[in-house]
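With chain A fixed as given, assemble chain B onto it according to the hints.
One-letter residues, chain by chain:
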Amino acid sequence: MAGKKQATGNGAKMIPIYIMGKKYEVPETLTILTAMEYAGYRHIRGCGCRGGICGACATVYRLSGEYGLKFGLACQTVVAPDMYLAQIPFVPANKAIYDIEKLTPDINSIGRVYPDLYRCLACNTCSKACPMGISVMDYVQALLKGDIAGCARLSHSCTMCGICALRCPAELQQFHMAMLARRLYGRYLQPRARHLEKRVKQIKEGKFDPMMDEIMSLNNHELKQRYARREWEPESYENPDWRPEETKYLVLD
Amino acid sequence: MLTKESKMVEGQAIGYPPELKKLIRAVEQTRPERLARIKANQHFPRLTREEGEKVLKSYHPDYRPGGRRRLKVGVNKGEILADEVADLLESYSRIDPDAFDNRLKKPDYETDVLILGGGGAGAVAALFARQNGLRVVIATKLRHGDSNTIMAEGGIQAADRPADSPYYHYLDTMGGGHFTNNPRLVKALTMDAPLIIQWLEGLGVMFDKDNAGNMIELKGGGICRRRMHSSADMIGAEIMRVQRDEIRNHPEEIQVLEFSPAVELLIDETKAVSGAVLYNLETREYSIVKAKAVIMATGGFGRLHIQGFPTTNHYGATGDGLALAYRAGVPLVNMRYAQYHPTGTVFPEQNFGLLITEKVRTLGAQFINARGREFAHPLEPRDIASSCIIRECAEKSGGVTAPTSHYGVWLDTPMIDLLRGKGTVEKELSAKYLQFKRYGIDISIEPIIVYPTLHYQNGGLEIDEWGATRISGLFAAGEVTGGIHGDNRLMGNSLLDIHVFGRRVGVKVSEFIKAGKKGNRLSLGHVRSYHDSLIKTGVKTKRVAPILLPDYVHRSAPVYPRKS
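Chains A and B, in that order, give the protein sequences. The working numbering puts the first residue of the first sequence at 1, with every later residue one more than the last. The working numbering puts the first residue of the second sequence at 1, with every later residue one more than the last.
Excised from the complex, chain A in its bound form (with noise of 0.2 Å):
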């Protein structure tokens, strides 16, 4: 998003914002992130994936005339007038040191790791702050009636932010304790890839070498012609017992 003529749309009204308290005009339809630039701003910190899935440009700000601290990410929020806003370069918090393959999924490896989850208040600040409207709080509930699946699924579209952590009035920590929690569930409560395990042993055996060198021996002519006659797997909705044709290709027991 590239520019001032391409972001702004055809002869968008121009609105006051305060940049740290500094004023500027900027086109109504720009986001923080495009507005700062509008303005003269060049991005080292607070600005990554501009798409609202990299957590970097945590933004604060008030609404003329509103009393409420508001939070969004800077490149998914548009600006609106008389908007006062800092941006938060950086989040100060304590990610543990931990082997996973030595912890047990269970509220205990939590708790050690971070006993501060215990001083929650369940007052709710952090899912008012989340600009990603995941509700904080009932996932550090989740962890602490030991619901690990919960606290991980409730928390998976987390960007790691940290605007619930600087919220928190008794200080958590609880975007740390989400990415533990999800490990824990990925690495332990979600049951293994059994089909996966087998293709790994079957690689490892190598059932798939000869296959491999046959496909490279071939000449580009002949590998077009294979690439035009392989068959294709409909989707799941469209036929689950889908089996191929040809299994000569396949390790099949």
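FYI, nobody ran anything at the bench for these hints, they're computed from the structure. Any given hint could be a false lead.
[To be verified] Each pair of labels, with its calculated beta carbon distance range:
| id | chain 1 | residue 1 | chain 2 | residue 2 | range |
| --- | --- | --- | --- | --- | --- |
| 1 | A | P115 | B | P331 | 50 to 60 Å |
| 2 | B | F179 | A | P191 | 32 to 42 Å |
| 3 | A | G146 | B | N249 | 22 to 32 Å |
| 4 | B | P251 | A | D213 | 40 to 50 Å |
| 5 | A | G21 | B | G538 | 47 to 57 Å |
| 6 | A | A12 | B | G67 | 25 to 35 Å |
| 7 | B | N249 | A | G21 | 38 to 48 Å |
| 8 | A | D253 | B | G213 | 14 to 24 Å |
| 9 | A | D213 | B | G67 | 36 to 46 Å |
| 10 | A | R243 | B | E252 | 48 to 58 Å |
| 11 | B | P331 | A | K198 | 35 to 45 Å |
[Claimed, not checked] Pairs of lysine-lysine, DSSO-like flavour, derived with a Cα cap of 27 Å:
| id | chain 1 | residue 1 | chain 2 | residue 2 |
| --- | --- | --- | --- | --- |
| 12 | B | K77 | B | K57 |
| 13 | B | K437 | A | K13 |
| 14 | B | K77 | B | K271 |
| 15 | B | K21 | B | K427 |
| 16 | B | K209 | A | K145 |
| 17 | B | K396 | B | K57 |
| 18 | A | K128 | B | K437 |
| 19 | A | K248 | B | K187 |
| 20 | A | K198 | B | K187 |
| 21 | A | K201 | B | K209 |
| 22 | B | K21 | A | K13 |
| 23 | A | K207 | B | K187 |
Keep in mind that this is a model prediction, so the values were computed, not measured. Positions of the beta carbon are idealized from the N, C-alpha and C atoms, including for glycine.
Then chain B, alone, in the frame of chain A:
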């Protein structure tokens, strides 16, 4: 995964303006008929190879002659490349090599391996180098993890189901790349894939699985079997945050220097790469890192806006590693064609150019023109799908124009819930759903306007199947490399390639270091030579590279896409 309990963020309700809502009616009118056809297993026909080549030649931005020129300098001299890439390569260093003579004698850091780049390829290389007993320094331009990896949405390929095998994965990958791929790299890619998924499972990555633990797998463009492993629509973010977490569990062995991009490589008296000059973006100071080997993992070039296209890429994707390694003598391969992803957002303008994952089409969304007609198979390889959209807008007047005067075609997302059940969009495409919901558009009931957007640097540094370049001591992995994907990459193969080659390079570099190296004196001699050849070939410019940050400030703006 949005759940019932999660609240919606504060809306900035814009929504579709009345004139677009009117156009949507044409899409809605044909929807029941299209649905019935899919249920009867009648799909829009795929193009044959000949038809595909024809549409590419006429409509793909890089098959046309404009916007490119013959390179005047370096190992690829004489090759015709996009102007933006040629500009990058025909540039002077950011630093004066003579000013560093004394500094090079006293390095600020010494380590076994220096990894340039903090995205997925660098992270995987670091974890495997550490596992092989090496000390690692990761130097990255922005925050650790800020990269195109974190933005990957749809999935990662691996042939692990009984009806699939690395043989078909190899065939799909070669065909998608128009058979210009390096077969040895493709073999490594496809045979290592299941091992990689198992490694990620062990690290605690949350994959989409059924209750028995089976991976829920989908297809992608040009992919003949269901092979795509996902984590809702944010597999890249899920993987990247796990890897970043794991790296931070090893602070003794892996040091991460953020906001410290490399501005030059350093070469010793044996002509081996032995470190780099870093530039601290915040303090504006240079530092010298001496290393026994260097891994280039700086990612791609999307933010160079090749052919004037908007991009899905991360802010840092300015092709830095191409410039650095090219000066050191590494050739570039498969650089002729960039990848334009067929489905970049056109409206709302705040999301302009951003990626709509291919998973949207694997789940059932179709390409629809302004008259409500489907005009291409939803899962053609990306270059062909993009060309079909450009043709539809340019020649067949099937385009839809947004209030911003940008145009595109409809991507009919409401088909997904109709095919797979209500709530599928919200569950399987949670990040995308939220990104549009913020602007008052519910993609489970309203279609999206899309147009191709610059997505991936198909080619790059030449490597062997262990990630070694032809310059001793310099290794490379990830988007900065070339040859794996040929002229066109398939969905789910880049997230795979950063892992396969990140791992291979992490392992190989330890063998290289254990074999012992002889050089000791750091030098910028290659930069002096490169400057000399720029002068000799008459390249008169004040450009410097790497550019580090795209210049979005005080610039007269291009209109995307550039009119030909």
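Would the pair B/K21 and B/K427 pass a check requiring their Cα atoms to be no farther apart than 27 Å? holds, 25 Å
Taking 38 to 48 Å as the stated bounds, is the beta-carbon spacing between B/N249 and A/G21 within them? Roughly 40 Å apart at Cβ, these two residues keep to the hinted range, so it holds.
Whether the CB-CB distance between A/G146 and B/N249 falls inside 22 to 32 Å: holds, 23 Å
Do A/P115 and B/P331 keep their Cβ atoms within the hinted range of 50 to 60 Å? holds, 54 Å
Just to be careful, I want the Cα atoms of B/K437 and A/K13 compared with a cutoff of 27 Å; is the pair within it? Distance of about 23 Å is within 27 Å: holds.
Measure nothing beyond the straight line between the CA atoms of B/K77 and B/K57; if it is 27 Å or shorter, mark the hint as holding. Cα-Cα ~25 Å, so holds.
Between the beta carbons of B/P251 and A/D213, is the distance compatible with 40 to 50 Å? Since the Cβ atoms of B/P251 and A/D213 sit about 44 Å apart, the hinted range of 40 to 50 Å holds.
Evaluate the given range 36 to 46 Å for the C-beta pair formed by A/D213 and B/G67. Given about 42 Å between the Cβ atoms, the range holds.
Need the status of pair A/K201, B/K209: alpha-carbon distance at most 27 Å? Distance of about 20 Å is within 27 Å: holds.
Hint consistency between A/K128 and B/K437 [alpha-carbon to alpha-carbon, up to 27 Å]: holds, 18 Å
Decide if the proposed pair is consistent with the structure: A/K248 and B/K187, CA atoms, cutoff 27 Å inclusive. holds, 18 Å
Would the pair B/K77 and B/K271 pass a check requiring their Cα atoms to be no farther apart than 27 Å? holds, 21 Å
Checked against the numbered hints given earlier, this structure breaks none of them.
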